[in-house]
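Chemist: One-letter residues, chain by chain:
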Amino acid sequence: MKELFPRKQVMGFIFSLVLTVAALLVYFLDLSFALGMTVLLVTAFLQAGLQLVVFMHAGESEDKATIYTNVYYGLIIALVTIFGTLLAMIWGMV
Amino acid sequence: MKIDHSQPLEYGTEQNKMNILGFWIFLGAEIMLFGTLFASYFTLENRIGSGPSGADIFEITPIIIETFLLLTSSFTIGLAIHAMRLGRQKAMLTFFGITLVLGLAFLSVEIYEFFHYVHVGAGLQTSAFSAILLTTLGTHGAHVTFGLLWGLGIILQIKKRGLTVETTNKSFIFSLYWHFLDVVWIFIFSFIYLKGLM
Amino acid sequence: MEFFERFAIPHPSPAIYASMVAIGLTVIAIIAGLTYFKKWGYIWREWLTTVDHKRIGIMYLISALLMLFRGGVDAIMMRSQLAVPGNTLLDAQHYNEIFTTHGIVMILFMAMPFIIALMNFVVPLQIGARDVAFPRLNALSFWLFFFAAMLFNISFVVGGSPDAGWTSYFPLAGNEHSPHVGTNYYMIAIQIAGLGTLMTGINFIVTILKMRAPGMTLMKMPMFTWSALITNVIIVFAFPVLTIALAMGTMDRLFGTHFFSIDNGGMDMLWANLFWVWGHPEVYILILPAFGIYSEVISTFARRNLYGYKSMVASMVIISLFSFLVWVHHFFTMGQGAFVNSIFSVTTMAIAVPTGIKIFNWLFTLWKGKIVMTTPMLYSMLFIPIFTIGGVTGVMLGMSAADYQYHNTMFLVAHFHLVIIPGVVFAMLAGLTYWWPKMFGFMLNERIGKWAAWLIAVGTCVAFFPMFISGLDGQARRMYTYSEATGFGFWNMLSFIGAGILAIGFVLIVYNIYYSTRYATRDIGADPWDARTLEWATHSPVPEYNFAITPEVNSSEALWDEKKKGHKLFKGSYQEIHMPSKSGVPFIMSAIFFVFGFAMIFSLWILAIVSLLGIFACLIHRSFEQDHGYHISVKEIEETEAKMGGAKG
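Note that the protein sequences, when read in sequence, are chains P, Z and D. Per the UniProt record's numbering, the first sequence starts with residue 1, numbered consecutively. Per the UniProt record's numbering, the second sequence starts with residue 1, numbered consecutively. Per the UniProt record's numbering, the third sequence starts with residue 1, numbered consecutively.
Just chain P, same shape as in the assembly (with noise of 0.2 angstroms):
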């Protein structure tokens, strides 16, 4: 039964439930705006880069580059276009 529940993935586990936990302090909590998005983008970053390695293997097999480069070329991407987005069609617009 033991060799069914290997630690990596338990610990990985519980560090995913203390990381939702700490996440919900923002509603729970009074935290100024500022203060709260710090929280969220941290904990939020932690856990996926926590699935990542410990659940999906992204860097078990040979193409471990490749699928580093991928997920990273992939955010990047994502994050140019959501701020870009909000950029051009909120912050920039007079």
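Covered, in the sense of this in silico footprint (three residues per stretch, anywhere, with C-beta under 8 angstroms from a C-beta of chain P), are these stretches of chain Z:
| id | segment |
| --- | --- |
| 1 | 10 to 23 |
| 2 | 38 to 52 |
| 3 | 57 to 67 |
| 4 | 82 to 93 |
| 5 | 181 to 195 |
The calculated DSSO-like cross-link candidates involving lysine-lysine, where the alpha carbons are at most 30 angstroms apart (straight line), are:
| id | chain 1 | residue 1 | chain 2 | residue 2 |
| --- | --- | --- | --- | --- |
| 6 | P | K64 | Z | K170 |
| 7 | Z | K170 | D | K582 |
| 8 | Z | K2 | D | K571 |
| 9 | P | K64 | D | K220 |
| 10 | D | K310 | D | K565 |
| 11 | D | K210 | P | K64 |
| 12 | D | K220 | D | K370 |
| 13 | P | K8 | Z | K90 |
| 14 | P | K2 | Z | K90 |
| 15 | P | K8 | Z | K170 |
| 16 | D | K450 | D | K368 |
Derived by calculation from the structure, the hints in this document are not laboratory data. Values in this document were obtained by computation on a predicted structure and should not be read as measured data. Ideal placement from N, C-alpha and C gives every residue a C-beta, glycine not left out.
Keeping the supplied structure of chain P fixed, place chains Z and D upon it in accordance with the hints.
Modeler: Relative to chain P, chains Z and D alone:
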């Protein structure tokens, strides 16, 4: 067919390796797909017309339940893959089954949530905000629904054919998909719900 | 009867009735012909069910050429309408429909399949692979594109064509201002074609990364393969944006949402924004493979290795990132302030730098080369000056302050035609002529080919240079007529003459295909151009398994090394070759997609649900199917090789 036994069975053939890499690249496209939805969501977030805003309609309880259901299912599909690599077919199928049940539970809560939104006056046609909210959640929900059908198909194939080069490959790719949906949900949870409620 | 009224054309004319008859007759002729010559079985076995990348490439090619003529006829009609002031050949509505379909057909149903055709045919051969990574998926990509193109084209005779421009900006494209189903065709047909393109993107990235011949490291890949890799990376990350934008547009039109409306919080500008987040990378999706083709052609016919290989690769990688950073320059006049416009002006001008590097690399490759002026080389030589003019005017448009003057005038129309035609169309024609012998086993006639190249180049200049002037004078694009007092008449007449010259050029290309099919010698060997890369190391036309023995490579010009430096490409003896099996499912599934699309366009919900279930049935069938392909035995390989004129290697 040449099978390389120095690696887990799902990486056993060249075609298997290509399938896995191809799926990773598909996930790259999915990052962009959801990235675009988020870009649209943030743009339209405050454009509520005469309808309610996010803070008016979000309920924290179902959100927390959904989050824990999906997080746990992500953990159990990880355990299923681990059991698969140990060659423990029965344990693997149990974990796989639990994952799908958790996914179904998630979906049920989400459907409740949708009914709630429509009930409190945030339907698809209410405002730009309500439309992009339901579309973003709906796209994720549609992915989960598709995953449930796909996962069921894989379970049937494993029952019929055992853990082969093909079924392990499919299961591993399914696990990537399922973990990815969890990652997307984390971003929805953080930047749609919690940000809206803050 | 009420049910059928929705399929009527909202604004009919004799031309549309004539095309209905023509389409009907063509379909009958094709069916009758196939039946009479008993070719149904052949078509089904050899083409509709094929998963061979070479045949799929050829089918893409044929579709692209067909669409080139559809889009070309649109262009001729537009230029005829504008040739003289106050013309009444077309009315405003028809003119709107024609410029809309011209843009969509040329970009999405001509240029895209044309580059994908060449990628399909050439890339696996250039890297020494048997096929692509996912042959079945490749067939699905093609058929999705094909049925989407057909769906889009029937809009002309069933329900009415889209008329809100190829960019389909809201609120014009919304239900209020575009009440008939034309724009639904736009949303749904492009969505289906886009799905196919995304699959192509994934397929080719994996193919190029995982299936290269032994010894071919990334930095030893031929330049066309490099360009294909970068292009497909852009496809994978750009097309999901279009998917979402189209889905939102579809929901606005069919389900009454308020994404892009002007009430209830909707934001029409968001459509323009998302469209160009996809649209600008799309421009580079088209131009990078073209650059790859020019690199191959120039290096082959200058008889020199490509100058600055590493900087070529680096500039493409930079372009792939920058292409996602410039989209706002398509709508500088939409109201975002000077700050935002300045940022995107700078990124726009910056992207000219890697492009300039490539131009200089080609020039340095030509420097001291022993230039052989074949037809593909002629296209490349004509490309450089014309493209540079188009590119420089692009930098002018990229300056946001000046753009307020140029925006939406014929100046812009001149600019983008003068980059797309020499950039993409010349490259496609160069590539077509260059790889034609590999595809079909004979060469296109050089004399007719060069006539066509010159006519097309001259036609392009005559058709589009006048628009710079009339545009600066204030002629707006997309206006169906103008008065004599504007003084635009002379310039538009010149454009019309240019369009005529272009048309003659394209007709000559068709004639060349006919002429060469009939008269050209079939005895050309494997390497008629004295080329440098792997695809020329196997027979022409290529046997279904590509290479009897997997080649071993030590540089980006493996064949040249074999010819000049004594490198041995093919070592060892024949072995059994594993091949993917044929399948009719991609064809059937895409046909169901066609029905699904049609049902969505006309809001036939029951049909939509039924066809959606059909699509899922195909997916389930694929999932449960066990298919291990088949093997070609050593004996069969020996026989094929002997028949093709001696073993290679």
